[in-house]
Amino acid sequence: DAGITQSPRHKVTETGTPVTLRCHQTENHRYMYWYRQDPGHGLRLIHYSYGVKDTDKGEVSDGYSVSRSKTEDFLLTLESATSSQTSVYFCAISQGTGELFFGEGSRLTVL
Amino acid sequence: TQLLEQSPQFLSIQEGENLTVYCNSSSVFSSLQWYRQEPGEGPVLLVTVVTGGEVKKLKRLTFQFGDARKDSSLHITAAQPGDTGLYLCALNRGQGGKLIFGQGTELSVKP
Chain A
4 DAGITQSPRH
14 KVTETGTPVT
24 LRCHQTENHR
34 YMYWYRQDPG
44 HGLRLIHYSY
54 GVKDTDKGEV
64 SDGYSVSRSK
74 TEDFLLTLES
84 ATSSQTSVYF
94 CAISQGTGEL
104 FFGEGSRLTV
114 L
Chain B
92 TQLLEQSPQF
102 LSIQEGENLT
112 VYCNSSSVFS
122 SLQWYRQEPG
132 EGPVLLVTVV
142 TGGEVKKLKR
152 LTFQFGDARK
162 DSSLHITAAQ
172 PGDTGLYLCA
182 LNRGQGGKLI
192 FGQGTELSVK
202 P
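The listed protein sequences correspond, in order, to chains A and B.
The first sequence runs 4 to 114 under my numbering.
The second sequence runs 92 to 202 under my numbering.
Chain A extracted, bound-state conformation (with noise of 0.2 angstroms):
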């Protein structure tokens, strides 16, 4: 296993709020990746972080902010959930050779 835990595994919520999803590595990657995963549209890359405090933003970024204050951990922020950010979201983590470990998913809920 990669060592790599996501939580919450669920959560369901009401639009309006703010929530944020935790990625925990115990590998020391550098690199850490968010990705939602859609019918129809595979995996998307919201953020990814390069090191502690290095973030840049993915192809669907707009309503999502990330912080990586620490190796291990990268955050995903939604700072007013809507119903189009109901999705299962992704974290992974990479030595940067594009090979990636992903974490088992949260299922978010936006009702």
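Just so you know, these hints were derived from the structure itself, not from any lab.
Glycine included, every Cβ here is placed at the ideal spot set by N, Cα and C.
Among the hints, erroneous ones may be present.
What the hints assert, rightly or not - Derived Cβ-Cβ restraints for the label pairs, each shown as a range:
#, chain 1, residue 1, chain 2, residue 2, range
1, A, K56, B, Q105, 48 to 54 angstroms
2, B, P99, A, P21, 24 to 30 angstroms
3, B, T153, A, P42, 27 to 33 angstroms
4, B, G107, A, R12, 33 to 39 angstroms
5, A, V55, B, G107, 49 to 55 angstroms
6, B, P99, A, T74, 17 to 23 angstroms
7, B, E129, A, N31, 40 to 46 angstroms
8, B, A169, A, E30, 32 to 38 angstroms
What the hints assert, rightly or not - Stretch-level coverage of chain B by chain A, calculated; a stretch enters the list once three of its residues show a Cβ under 8 angstroms from a Cβ in chain A:
#, region
9, 110 to 117
10, 190 to 199
Said to hold, decoys possible - Non-contacting residues of chain B with respect to chain A, defined by C-beta distances greater than 12 angstroms in every case (computed):
#, residue
11, E106
12, E145
13, R151
14, D158
15, T168
16, Q171
17, D174
18, A181
19, R184
Based on the hints, put chain B in the right spot on chain A.
Just chain B now, kept in the frame of chain A:
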């Protein structure tokens, strides 16, 4: 516009049959990966292909990278119910390991 096109999107076959899944792009890419995802879990890397014309085998799975490095195929021989899952191809944009994923091929192998 989908950068990576996978086909077919859905495939339902009987145990023992052979199948091929295709991944195509209009762009040349440095490397391509295939992942397999089971329900409720994150994708798991199967293989990375780098060289045009490269063929890699993983038990009953054969992966091929096109000569022009714009397409790839996954062939499964004598499919088994344990092969059931979502197969994703992903191309490496060469920028910190950011991957672009295809929509996926959902395979169901019936006993």
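Each hint tested on the structure:
1. A:K56 x B:Q105: 48 to 54 angstroms: holds, 53 angstroms
2. B:P99 x A:P21: 24 to 30 angstroms: violated, 40 angstroms
3. B:T153 x A:P42: 27 to 33 angstroms: Roughly 28 angstroms apart at Cβ, these two residues keep to the hinted range, so it holds.
4. B:G107 x A:R12: 33 to 39 angstroms: holds, 36 angstroms
5. A:V55 x B:G107: 49 to 55 angstroms: holds, 51 angstroms
6. B:P99 x A:T74: 17 to 23 angstroms: Roughly 41 angstroms apart at Cβ, these two residues miss the hinted range, so it is violated.
7. B:E129 x A:N31: 40 to 46 angstroms: violated, 27 angstroms
8. B:A169 x A:E30: 32 to 38 angstroms: holds, 35 angstroms
9. 110 to 117: Coverage by chain A is violated for the region 110 to 117 of chain B (0 residues, Cβ < 8 angstroms).
10. 190 to 199: Holds: 6 residues of the region 190 to 199 of chain B have a Cβ under 8 angstroms from chain A.
11. E106: holds, 26 angstroms
12. E145: holds, 15 angstroms
13. R151: holds, 22 angstroms
14. D158: At roughly 21 angstroms from the nearest Cβ of chain A, D158 of chain B sits farther out than 12 angstroms, so the non-interface label holds.
15. T168: holds, 25 angstroms
16. Q171: Q171 of chain B clear of chain A: closest Cβ-Cβ about 23 angstroms, beyond 12 angstroms.
17. D174: For D174 of chain B, whose nearest Cβ neighbour in chain A is about 19 angstroms away, the distance exceeds 12 angstroms, so it holds.
18. A181: Nearest chain A Cβ is 8 angstroms from A181 of chain B, so the label is violated.
19. R184: The assertion about R184 of chain B is violated, with a minimum of 9 angstroms to chain A.
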